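Given the sequences, and given the hints that come with them, work out the whole structure.
Number of protein chains: 2
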Amino acid sequence: MLGRLNHVAIAVPDLETARARWRDMLGATVSAVSDLPEHGVQVVFVELPNTKIELLGVLGEDSPIAGFLAKNPAGGIHHVCHEVADILEARDRLLAGGARILGDGKPKTGAHGKPVLFLHPKDFDGTLVELEEV
Amino acid sequence: MLGRLNHVAIAVPDLETARARWRDMLGATVSAVSDLPEHGVQVVFVELPNTKIELLGVLGEDSPIAGFLAKNPAGGIHHVCHEVADILEARDRLLAGGARILGDGKPKTGAHGKPVLFLHPKDFDGTLVELEEV
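Note that the protein sequences, when read in sequence, are chains A and B. Going left to right, the first sequence walks through residues -10 to 123 as the numbering used here numbers them. Going left to right, the second sequence walks through residues -10 to 123 as the numbering used here numbers them.
There is no bait here: all hints are sound.
Under the rule of at most 30 angstroms between Cα atoms (straight-line distance), these lysine-lysine pairs were calculated in the DSS-like manner:
1) B/Lys103 with B/Lys60
2) B/Lys111 with B/Lys97
3) B/Lys60 with A/Lys60
4) A/Lys111 with B/Lys60
5) B/Lys60 with B/Lys97
6) B/Lys111 with A/Lys111
7) A/Lys60 with B/Lys111
8) A/Lys95 with A/Lys60
9) A/Lys95 with A/Lys111
10) B/Lys111 with B/Lys60
11) A/Lys111 with A/Lys97
12) B/Lys111 with B/Lys95
Coverage of chain B stretches by chain A, computed from C-beta distances (three or more under 8 angstroms per stretch; other residues unrestricted):
13) -4 to 7
14) 37 to 44
15) 60 to 73
16) 106 to 119
A partial selection of chain B residues facing chain A, derived with a Cβ cut-off under 10 angstroms:
17) Arg(-7)
18) Leu15
19) Gly16
20) Leu83
21) Ala85
22) Gly86
23) Ala88
It is worth saying that the hints were derived from the structure and are not from the lab. Just so it is clear, the structure is predicted and the values come from calculations on it, not from any experiment. We treat Cβ as the ideally placed atom computed from N, Cα and C, and that holds for glycine.
And the structure:
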């Protein structure tokens, strides 16, 4: 069921600074900053040969990463996103196993325009797991 | 300079429970538990089509993840590991840019038998970054 690791998301307090560090210190290929106002974040993609890192900054007043950054002012790894072929099948298997889906359990349209769900970190060792249908 | 994402490491309080969750709830291909006494961890590899997750459990009294689990008893994402072609070149570029290398700055032999370095999380937005020469 579990497909590719689509991305690792890192919440950062200052997106331009983080972008410059990954580019200049690690020699990574980084995108420009994109605003995703409907998701409450700004994002920079760090392109790797096999997957990507997404550096996330706060955008607007209801950003989903604001709480995380309040608890972790220096930033930190926010979530991992895995691809699945059928998100409803994945959800039903998780629910049958006793896992909890965040929100109302219905897939939302994620930052890449595809259906996504987030699993409860308490069910996966403190790790926020996003599933994205591809 | 920055190559493939080699793995994402997740520190977990109970490795067998975590292994069963990734296998049964997420349908992932998981390895058996391996003891790495020289590294103070037990590990389970979650094989993904493009990279892997490493679930890490404490082994012995001087485990490098014991402090993390004391602060995060439920577990959490511990580090990301990126491949580099030349770890000394990578280190020198990082040092020239003002980044800090953990320990004495000399590569150690990592869990995969290859030279590794860890970068200071304060230089990368609270994210512990491992570099591995491949």
